[in-house]
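Number of protein chains: 2
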Amino acid sequence: MSTKTPKVYDQVIEQIKNKIKNGELKKGDRLPSEREMSESLGVSRASVREALRALEVIGLVESRQGAGNYIRTNFDNSLFEPLSVMFMLQESSIEEMHDLRETLELQCARLSAKNIENNELELLTAILDRMYMAENEEESLELDIKFHYLIAKTSRNVLLINVLEVISQLMDEFIKKSRMQILHRGNTRENLLEIHENLVRALKCRDEAKAYRAMEEHFGLIRKAYGYEK
Amino acid sequence: MSTKTPKVYDQVIEQIKNKIKNGELKKGDRLPSEREMSESLGVSRASVREALRALEVIGLVESRQGAGNYIRTNFDNSLFEPLSVMFMLQESSIEEMHDLRETLELQCARLSAKNIENNELELLTAILDRMYMAENEEESLELDIKFHYLIAKTSRNVLLINVLEVISQLMDEFIKKSRMQILHRGNTRENLLEIHENLVRALKCRDEAKAYRAMEEHFGLIRKAYGYEK
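Chains V and Z supply the protein sequences, listed in that same order. Numbered according to the UniProt record's numbering, the first sequence spans residues 1 to 230. Numbered according to the UniProt record's numbering, the second sequence spans residues 1 to 230.
In case anyone wonders, no lab produced these hints; they're calculated from the structure. These numbers were taken from a predicted model, which means no experiment stands behind them.
Treat identical chains as interchangeable: a pair holds within one or across any two.
The list that follows gives simulated cross-link-like pairs (lysine-lysine, DSSO-like), each with its CA atoms no further than 30 Å apart: (1) Lys-7 - Lys-26; (2) Lys-146 - Lys-21; (3) Lys-17 - Lys-146; (4) Lys-146 - Lys-114; (5) Lys-153 - Lys-26.
Full structure from sequences and hints, please.
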């Protein structure tokens, strides 16, 4: 086992992190100039630049030509890259990913029942209607993703949403679309539509337990289709 | 909203990431030399060095004096740093963190009931015994953390464990110990011990539903103690 030896640039990163922690730096804020940081920490400007570049690489900081360095306002998942690479290095199985995703989506269903707003319910119903009319598997799949994304969003828990996004992206890379499409054929397709219908109904009644159970049914079907039942 | 403009070093990072994805590079492996990477991608060695430095900063790569660059074998949470910084930037509420933590721990309890081994059950029982005898709040707290960590570990889902670790660390930074200690006093302490006892019993019976419910009770108590009941 190797442990990381602290480097000079770590001090710079630590300082920026602390300023974020104590609220001194927020999204979109300008960082102190390289000169200021180098003076306040007593480190070389090269070390400051190294740290800034690394923060830029992971998508936390952006440098604007001639205007200095800023905390990014949107993260485009760039910060998740390291996490998803680590997931890959740990050779996590698709079952492990699936378990985590299920855990998070069940909770999303519950929270959504509590927090979804009327216009969002309308949007969800519209997506469901289009799912019934979808003419090919591509379209079904796309609508399905939208449906689940909207439920996640209406959970109103940004942390949950973010972690779910990482794991979903990761799974999409592993699961070939063809496997997902199993779900959008024949019998399974009908069952799936029914389950989505139940889910919408539960959300409309603001019934957390019912929403949770509908999502549970949904994942039961997925497990069955993928052949790794609990 | 700003989007990240691709830079030359991004190509280098992309290449390394792809090699991890397709299994060519694993934990502990040596990376191609700077010269090789620079030649194979047709980019300057400075760009290669920039990318490597960034990967070193986030703790994915370590450079060994005179021996080249390696994929790290243990991550010491270093890869989680960016994630936890992002959580902070999003100004997630303690309730949001709590919700996510609860979601994950409930699933851990369920999976642990399925996967825990006998020697781990013995260890868990020993921790519980020591919790009963703990003489101060510091000790209670420490044992409590060990107890939950062991249950998480025995879920055998590394993804779940990792995400739970990030969120736990983050919460520890936010929740002052004093608040956690509410739980280790008087009545609440007794209730908590009883719940932990129930949890161990459920795990011993390999009863997933019972383990889940015991953990649910546990979080109900925490919510009550913290004053943010559902």
